[in-house]
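One line per chain: the protein sequences are Z and D, in this order. Take the position in the first sequence, starting the count at 1, then add 69; the result is the number in the working numbering. Take the position in the second sequence, starting the count at 1, then add 56; the result is the number in the working numbering.
Simulated from the structure, these hints should not be mistaken for laboratory data. Each residue gets a CB set at the ideal place from its N, CA and C atoms; glycine is no exception. Check before you lean on any hint, since a few could be wrong.
Here are the computed distance ranges between Cβ atoms for each label pair [as the list claims (entries may be wrong)]:
| # | chain 1 | residue 1 | chain 2 | residue 2 | range |
| --- | --- | --- | --- | --- | --- |
| 1 | Z | 135 | D | 376 | 45 to 55 Å |
| 2 | D | 265 | Z | 135 | 46 to 56 Å |
| 3 | Z | 159 | D | 268 | 56 to 66 Å |
| 4 | Z | 132 | D | 397 | 28 to 38 Å |
| 5 | Z | 142 | D | 391 | 15 to 25 Å |
| 6 | Z | 108 | D | 379 | 55 to 65 Å |
| 7 | D | 315 | Z | 82 | 23 to 33 Å |
| 8 | Z | 135 | D | 67 | 42 to 52 Å |
| 9 | Z | 82 | D | 346 | 31 to 41 Å |
| 10 | Z | 84 | D | 302 | 49 to 59 Å |
| 11 | Z | 109 | D | 145 | 23 to 33 Å |
| 12 | D | 81 | Z | 83 | 31 to 41 Å |
| 13 | Z | 158 | D | 335 | 33 to 43 Å |
EDC-like cross-link-like pairs, simulated, lysine to aspartate or glutamate; straight-line CA separation at most 20 Å [as the list claims (entries may be wrong)]:
| # | chain 1 | residue 1 | chain 2 | residue 2 |
| --- | --- | --- | --- | --- |
| 14 | D | 363 | D | 220 |
| 15 | D | 67 | Z | 139 |
| 16 | D | 111 | Z | 132 |
| 17 | D | 169 | Z | 162 |
| 18 | D | 70 | D | 110 |
| 19 | D | 111 | D | 65 |
| 20 | Z | 116 | Z | 132 |
| 21 | D | 111 | D | 395 |
| 22 | D | 169 | Z | 158 |
| 23 | D | 163 | D | 186 |
| 24 | D | 163 | D | 193 |
| 25 | D | 162 | D | 174 |
| 26 | D | 392 | D | 379 |
| 27 | D | 363 | D | 145 |
| 28 | D | 67 | Z | 143 |
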Amino acid sequence: MCLGIPAQIVAVTDPDRMMAMAEVSGVRREVSVAPVAGGALEDLVGKWTLIHVGFAMALIDEDEAAATLEALRDLGEAQEALDAMAAGDAAIEGGR
Amino acid sequence: MKYAEEFRDPKAAKALLAQIAAVADQIGARRDKPVRIMEICGGHTHAIFRYGLDKLVHEGIEFIHGPGCPVCVLPMRRIDECIEIAERENVIFTTFGDAMRVPGTKKSLLQAKAGGADIRMVYSPLDALELARRNPDREVVFFGLGFEATTPPTALSIQQAAREGLGNFSVFCNHITVPPPIRALLDDPHMVLDGFVGPGHVSMVIGTHPYDFISRDYGKPIVVAGFEPLDLLQSVLMVLQQIRDGRAEVENQYARVVPEHGNPVSLAAIADVYESRPSFEWRGLGEIDESGLRIREAFREYDAERKFRIGYGARRVPVAEPEGCACGAVMSGRMKPVDCPQFGRGCTPEMPLGALMVSSEGACAAYFQYGGARAVAE
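Could you build the full structure based on these sequences and the hints that come with them?
As structure tokens, then:
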């Protein structure tokens, strides 16, 4: 749970709450970009970030993102993160 | 070596292993007189076993698995307190999935959920915030646990709750910090460590300076590392080179992600919302000064500890480990997982007796998954 997963920011969704849509392995998830929002939020669109428990914790370059994702897949952590995202969605929708 | 073939760049791995062996020979590291390197982070422990790095490196190098698996160092009492809160009327208790199977003194969160408590696994504290928005008549509690990589997300979530005035949201804060247990380990006269591989994603938040004391006060090298296998090998080499050259420095192998001074937004959020507790209990390590965080008075409305009068601030009764569980000895490096009489017998990842078997980042689970068969074969 301490490892972040690389994702690409694809759109800003809620500027007031600093929320943006991130995409990883074809899965989309709304995340907070507060930790990496140095300038205009729109500038983040297209950038790669390390997403950790729903927050973009650092900006990384595309090569780093690819290498990290591969390492996470090897460790089974990538799937773990995607499963956790799905579980989170289910929890909000009332799943117990 | 089965796993060695799976390296993305086997040539680079081979070259690094050869360099490591050369430096290990130069400093006289041998199987019976090993250089002991602690990887602090549980993610690193997992990667070391996944790739069999402990078997690939020169035989004079021994990895000691550090306290960096947050659910593994969580005392049973904290789980009991979670369950106490979760079983209260009208509460939705939310947690990262990792904590679900950690045994409490009577049951785990998973068992409490099966017994009827409304406990939900979430991916992010933001999921808990959303639950609070959608369920204004329920109390939504988020179990805040983990090191500095998960602390900013809960701090930022509490700030967001305060902005929205979400009075039915609170955090049960059991966040801990990396440097204090390292100091405690270094102060332990029985611990003989020669150097450290520092955590990557925690350091992305706090930077490299919080480790300065390791080199300055204790004369030990530390290299902050990424968690790809080549990162880990490179970092081990850097630690060995420091030892060979008589240096003790904080080096950053993972500079492509870890800034020297960390992430300013995250650090500001931590400082705004949290303060240090005088001391905090760690499973296997006992009480450690200034090693845990609590929510500041200014955010008291969002503090489950105050709201439910439960938790570390209210009661500090240490609870003995379950009979036969040697997690404490393993955690402090005094025992190898396979030497625990319960390992693979009374304690498996499916039915964990101790916390080190629960998480994939725990040393016992890593041994079991990747090293158990290997240990038997040897």
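Query - Earlier hints that do not hold, by number - result: Violated: hints 2, 3, 4, 5, 8, 11, 12, 16, 23, 24.
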